[in-house]
Structures are given as C-alpha cells and as structure tokens.
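Q: Below are the chains, spelled out letter by letter.
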Amino acid sequence: MFRFLFDRDTWQEVFDSFSKNKLRSILTMVGVWWGILLLIGLLGSARGLENSFNRLFGSFATNSVFVWGQSTSKPFMGFQEGRQVKLSLSDAKKVEENVEGIEFLVPRNQNQATVVRNFLSGSFGINGDYPLLDQVQKKNLIHGRFINQNDIDDNKKVVVISEDAYKQLFEKDEMPIGEYIEINNINFMVIGMFENGNVNMGPTSDMHIPFTTFQQIYNQGDRIGWMMITGKPEYDIKQIEEDAKLLLKNLNKIHPKDSRAFGSFNLGKEFAKITGFLTGMQFLTWFVGIATLIAGVFAIGNILLITVKERTKEIGVRRALGATPFEIKRQIVVEAVFLTIVAGIFGIITGGWILIGLDAAFGQGDDAAIVNASVSISVVFIALVILVILGTLIGLIPAFKATSVKPIEALREE
Amino acid sequence: MLKIHQLHKSYPIGDSSLHVLKGIDLNVEDGEMVAIMGSSGSGKSTLLNIIGMLDEADSGDYILDGLPIKNLTEKKAAVYRNKFLGFIFQSFNLINYKNALENVALPLYYQGMKRKERQEKALFHLGKVGLTDWAKHLPKELSGGQKQRVAIARALAANPKLLLADEPTGALDSATSHEIMAFIQQLNDEGKTILMVTHEEDIANMCKRIVRLKDGVIMEDEKVNQVRAQEHV
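Chains B and L, in that order, give the protein sequences.
Each residue of the first sequence is one higher than the last, beginning at 1 in our numbering.
Each residue of the second sequence is one higher than the last, beginning at 1 in our numbering.
One or more hints might be untrue.
Claimed, not checked - Straight-line C-alpha distance at most 27 Å; calculated DSS-like pairs for lysine-lysine:
hint: 1; chain 1: B; residue 1: Lys20; chain 2: L; residue 2: Lys121
hint: 2; chain 1: B; residue 1: Lys269; chain 2: B; residue 2: Lys257
hint: 3; chain 1: B; residue 1: Lys309; chain 2: L; residue 2: Lys140
hint: 4; chain 1: B; residue 1: Lys313; chain 2: L; residue 2: Lys140
hint: 5; chain 1: L; residue 1: Lys214; chain 2: B; residue 2: Lys401
hint: 6; chain 1: L; residue 1: Lys98; chain 2: L; residue 2: Lys128
hint: 7; chain 1: L; residue 1: Lys114; chain 2: B; residue 2: Lys329
hint: 8; chain 1: L; residue 1: Lys83; chain 2: B; residue 2: Lys313
hint: 9; chain 1: B; residue 1: Lys93; chain 2: B; residue 2: Lys269
hint: 10; chain 1: B; residue 1: Lys249; chain 2: B; residue 2: Lys94
hint: 11; chain 1: L; residue 1: Lys223; chain 2: B; residue 2: Lys313
hint: 12; chain 1: B; residue 1: Lys138; chain 2: B; residue 2: Lys269
hint: 13; chain 1: B; residue 1: Lys20; chain 2: L; residue 2: Lys116
hint: 14; chain 1: B; residue 1: Lys401; chain 2: L; residue 2: Lys83
hint: 15; chain 1: B; residue 1: Lys309; chain 2: B; residue 2: Lys406
hint: 16; chain 1: L; residue 1: Lys98; chain 2: L; residue 2: Lys136
hint: 17; chain 1: L; residue 1: Lys83; chain 2: L; residue 2: Lys214
hint: 18; chain 1: L; residue 1: Lys136; chain 2: B; residue 2: Lys20
hint: 19; chain 1: L; residue 1: Lys70; chain 2: B; residue 2: Lys406
hint: 20; chain 1: B; residue 1: Lys406; chain 2: L; residue 2: Lys3
hint: 21; chain 1: B; residue 1: Lys406; chain 2: L; residue 2: Lys128
hint: 22; chain 1: L; residue 1: Lys136; chain 2: B; residue 2: Lys313
hint: 23; chain 1: L; residue 1: Lys75; chain 2: B; residue 2: Lys309
hint: 24; chain 1: B; residue 1: Lys329; chain 2: L; residue 2: Lys76
hint: 25; chain 1: B; residue 1: Lys313; chain 2: L; residue 2: Lys70
Unchecked claim - So, partial list: chain L residues that the calculated Cβ filter (under 7 Å) puts toward chain B:
hint: 26; residue: Arg81
hint: 27; residue: Asn82
hint: 28; residue: Phe87
hint: 29; residue: Asn93
hint: 30; residue: Tyr97
hint: 31; residue: Pro107
hint: 32; residue: Tyr110
hint: 33; residue: Lys114
The set of hints was computed from the structure by calculation and includes no laboratory data.
Just so you know, even glycine gets a beta-carbon here, dropped at the ideal spot from N, CA and C.
Required output: the full structure, derived from the provided sequences and hints.
A: Here it is, written out as structure tokens:
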C-alpha cells in the first residue's frame, strides 16, 4: 500500500510538477510556513516566560500563606476594638496541630538592627528563624550552612547573612565564614552566606539568626512576628488560610467576623493567578498557531485546486494512457502532503531561529524576561502529525476534483 | 479485433438530447487500417472515443479482441486503455514538463514497469520514430512533426493491440503530415491495427478502408487502394 512512497518515480512526479511551478509552489507554502513559525515562536516564548517565572519563584514553596497580627476592628467578649493582636508560639503550635492539610508551619520574628563589623556598619533586617525555613524558602547558600537544630537548642550566637549584607560589611574577596559581626552590640559568628533571591516575599531578610537566640536577645518571650504556612500539594491553600485564621481568632478572643485582626498574604493565590495567565497564554498560542496552520493548509488546498484545474488536460492524457483514478488522486495527495511537510519543516527551522534570536536578545542574565525559550520535541512532532493529517485531508479535495472530470472532457479542455 | 453492433449514443443538451450515434455497426479485422471520415458533428470523434473507452455508449455492443466492453469502472477502463489501446491526438498531448523519453515511458509507468526497463523500452520506441538524439528534449524544443512522432512512440510503448488516432495530421503542414502518415503506414505494415479519424481525403486515401459517417449513421464503408505516403515525401 505505501510502497509507492519509496518509489523514486512518485517523487520524480512530485518534483516535476513542483519545479514546473516554482513560484506558485513557494507562495503556496508561505501560509503553512507562517503558521508553524507562529506556533513554534509563540509556544517557545510562552515557555520562556514560564521558565523565567519559575526561576523567580523557584525558591519558594508557592502553596504558602503568611499570617500576621494587626489590630481588631470589632469589640468581642468584653474587649474593645483596636486591640493589638500578637501571635504566639503556642498559637502556631495549635494551628499546626488542628488545621488540616498543613505541610510546614514556620513561626518567624524580625527586627531592624544596626550591624557593625570593624569600621563598617549598616542597618539590616534580622530574622529569628528555625531550620525549617530553608525547606519553605530555599536559601541558595554560597558559603557555609543554614541554621540547624543545634543552634536552636543551644541559643547559639550564629548568623547567616545575605550576599548584599556581605558586600556592605566585608572587603571584596574576604571569606565571611567564621568571622564575627556585631548585632546590637552582641557578637555573632557568620556561619553561612546566601544568594539574594530574585523575589523577596515578606520583609527583607538580610540576616537569619536562630529563633531561640532572637527570643533571648530581644526578650520576645512567646511572641512571634508572623507565621508562614505551607499547604500540602493536594490541599487548597485558601481553605487552609481561612481555617487557620478562624482558629487564631478563637484562640485570641477575636470576633469571628473581624476581618482586620489578621493580615495575610496568600502566595498560592497570587501564584495561581499568574499560572492561570500562563496557561491561558499557552492555550491562546495553540489556538492562534493551529488556526493559522489551518488557514495555511487551506491555502495549499486552494492552490492545488487551481493547479488541478490548469492540469485538467494533462490529467486527461494520463488517464488515456492508463492512469487509474486512484493513481491520480494519490499523486495529488502526495503533492499536498509534501508541500505541507516541506513548508512545515521550514517553519520549524525558522521558528527555531526566532527562538534562538529571542534567547540572544532577552534571554541572557539573571533578570532575563525569557528564559530558555524552547518547544519540546513532542510539540514539534504533534505539529508535524497535524500537518500530515491536514495535508492529506486538504489534498483529497483537489484529488477528487481531478478525477471527477471524465477523461474525454478533460482531453477536450484547451 | 473489433466488433461493434447497434451502437447508440446521445448527449443531453439542456432539456432535450442530441442523438449523436444512431446505431453503428462496424467490424474491424486484425491488421486493418481504417479511416473514419465525416463532417464535424457526424459523430466520428464520439465513435472513436467510445472505441477508446474514454466515453461509454448508451446501448449496443462493443467487443474488443473478444472482450465485451461494457459497464467498465474507471479503474478497469484505465487498465484496458493501458493494455489494449494506443492514442494519437491531433494536438499531440505531450506533457510539457517531461522530456521526450519520459513522455514515451509514461504508459509503461502506469503499467508498473521498473524504471530502468521502462527507459530502455522507451528509448527503443523513440529510436523507431528516429528521435533517439532528441530523447532529453522537452516538447517545446521539438517541431510539430517531431512532437507527433514522440506521441506515436508513446502510443506504441505499451505494445497495444489497437492504435487510435484522432486527426493525427490535423495540426501539421502537408509535408509533415505525409511523413507522419508514412510512419503510421509502416506500423500497419508491421501488423498493427489502426483506426483513424480524419476529414482530409488524401490522408484517408492512405488507409486501406474508409468508413464515412453522416448524422450518426454509416453512409459508406469501402476498401480503397492504399496510397503510399512515402511517394509524397
């Protein structure tokens, strides 16, 4: 059945009719070429945007919500409105125990402090943290390590600093690990240095010290600044946020309908918006690409229809010489598929060039808008399969047209 | 070779229909060379087309070499045409983007012959019409007489039983016409059965038998003394 595909004569015929009408064939292919070009270019760019977005947020557990205390807006159980709400470690513990779907809960504290080292100094945000933070908000450590459980247990005076803080407090090429810096006149040993992330969620985090040490030096007692809650992937982070807030209101004697008592920032919700946007864009890309492709294939069908009309006499001669209708149809379909595939492959190649161009123009550096703009092989494959199918279908129209004319009428045609 | 009995054919024209062939009876034996003559509208081309299986009769019998030709599918007709018939047209009908050799090889291609064998055979037939040196030339580089010789070679390539020629000299000047007729006569001498439509008396007289059609019926069917075209060249 498909042996003719490997027959030199089949291709000779295709090549002959192609080279006979070079300009027209090339114009014909422009439509499909443009469709594939758009599809590849747009899909690649969309992927590039997604990649850059993922790189930005890659260090965060995106299924997260931050909750902090504000002041009440409704009187409740004998308390006046306007009461300052302070979260405590025991609140955090209860939330973690009672709210369904929590993967991690990280209580955090922060204060602004002056940090001095030799003759250099600066004002930095000091965070009291548990080792768990590293799980939720991955720190890219350049040197050393993050806070560990030992540091917590022994209230160690150690600090993990950001690269920015390092630049302000240290000379160039100086090794920070093991050096001491003064925070609020207390000496801390630097145990690690991390890369500044692209996106800072929550207050600036220049330095991290053990949670317990923070409690001690700031006399914090049980109070915490805010908590970071990360949901398990299968749970809805919005639900977790609501449950946690309700429980916290209960624990702190706050009116259940008081919406201002706790502030929160739901990273999951924000993230979903952007993910939704990206998905939408990808859908649009496919839609536009496929639609253009179909238009291009129709152009091929249209031109072939004209070609067939022009070749009516030739087809009549061929049939007089013994070509069966099937052979004529097959030839025209092969031509259609050939034109679509050649155009498609050119489109894929030039689409690839465009992506390379985009990468060179916008894809370099840390803050690149488009990262690794590319399409996967499967997309290319799908596009080719679609082309073959569409090419075959569209080729059938002129093919049937060609054999619908009786050979005698075809021969009479001048 | 060819038996036709009470062949009728009419074409619809608007609401009415035009009765083109009104009961044709014709027998052609092996090795005959028959000219079908008639004014335009006499039905001579229609008859040739029906014999060539390019058209189908409304009623009547047509038996080619013992094979009844009736209710053929397009596919079957194509196979029969390829196997039994060679066509020579007034306007040559060469495929203009294929060279002489490829044109001659075309019927063999549709027979499913291997490329190499096909080309050898086509070259042989091209040699028979004296155009070996022109094998690689496109039709537009050939003169009218040469084009018709290529067409003859093509008609012969598949070794058909019957050669059908529709005004083969209609587009040629008289010297070239005689040259072509000489070829056709030579083929007939070699034993090919030839059926030719023409409206030129001198060309008809180069055949062995003349069938005259008028208004869809055979008026006259006579054997003639063949005038050898060679004498006119």
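Q: If a hint holds in the structure, say so; if it doesn't, say that too.
A: Hints and how they fare:
no.	hint	verdict
1	B/Lys20 <-> L/Lys121	26 Å, holds
2	B/Lys269 <-> B/Lys257	21 Å, holds
3	B/Lys309 <-> L/Lys140	21 Å, holds
4	B/Lys313 <-> L/Lys140	17 Å, holds
5	L/Lys214 <-> B/Lys401	36 Å, violated
6	L/Lys98 <-> L/Lys128	20 Å, holds
7	L/Lys114 <-> B/Lys329	21 Å, holds
8	L/Lys83 <-> B/Lys313	21 Å, holds
9	B/Lys93 <-> B/Lys269	24 Å, holds
10	B/Lys249 <-> B/Lys94	12 Å, holds
11	L/Lys223 <-> B/Lys313	35 Å, violated
12	B/Lys138 <-> B/Lys269	20 Å, holds
13	B/Lys20 <-> L/Lys116	24 Å, holds
14	B/Lys401 <-> L/Lys83	26 Å, holds
15	B/Lys309 <-> B/Lys406	13 Å, holds
16	L/Lys98 <-> L/Lys136	9 Å, holds
17	L/Lys83 <-> L/Lys214	31 Å, violated
18	L/Lys136 <-> B/Lys20	16 Å, holds
19	L/Lys70 <-> B/Lys406	16 Å, holds
20	B/Lys406 <-> L/Lys3	24 Å, holds
21	B/Lys406 <-> L/Lys128	32 Å, violated
22	L/Lys136 <-> B/Lys313	23 Å, holds
23	L/Lys75 <-> B/Lys309	21 Å, holds
24	B/Lys329 <-> L/Lys76	16 Å, holds
25	B/Lys313 <-> L/Lys70	25 Å, holds
26	Arg81	5 Å, holds
27	Asn82	2 Å, holds
28	Phe87	5 Å, holds
29	Asn93	5 Å, holds
30	Tyr97	4 Å, holds
31	Pro107	4 Å, holds
32	Tyr110	4 Å, holds
33	Lys114	10 Å, violated
Violated hints for the displayed structure, listed by number in ascending order: 5, 11, 17, 21 and 33.
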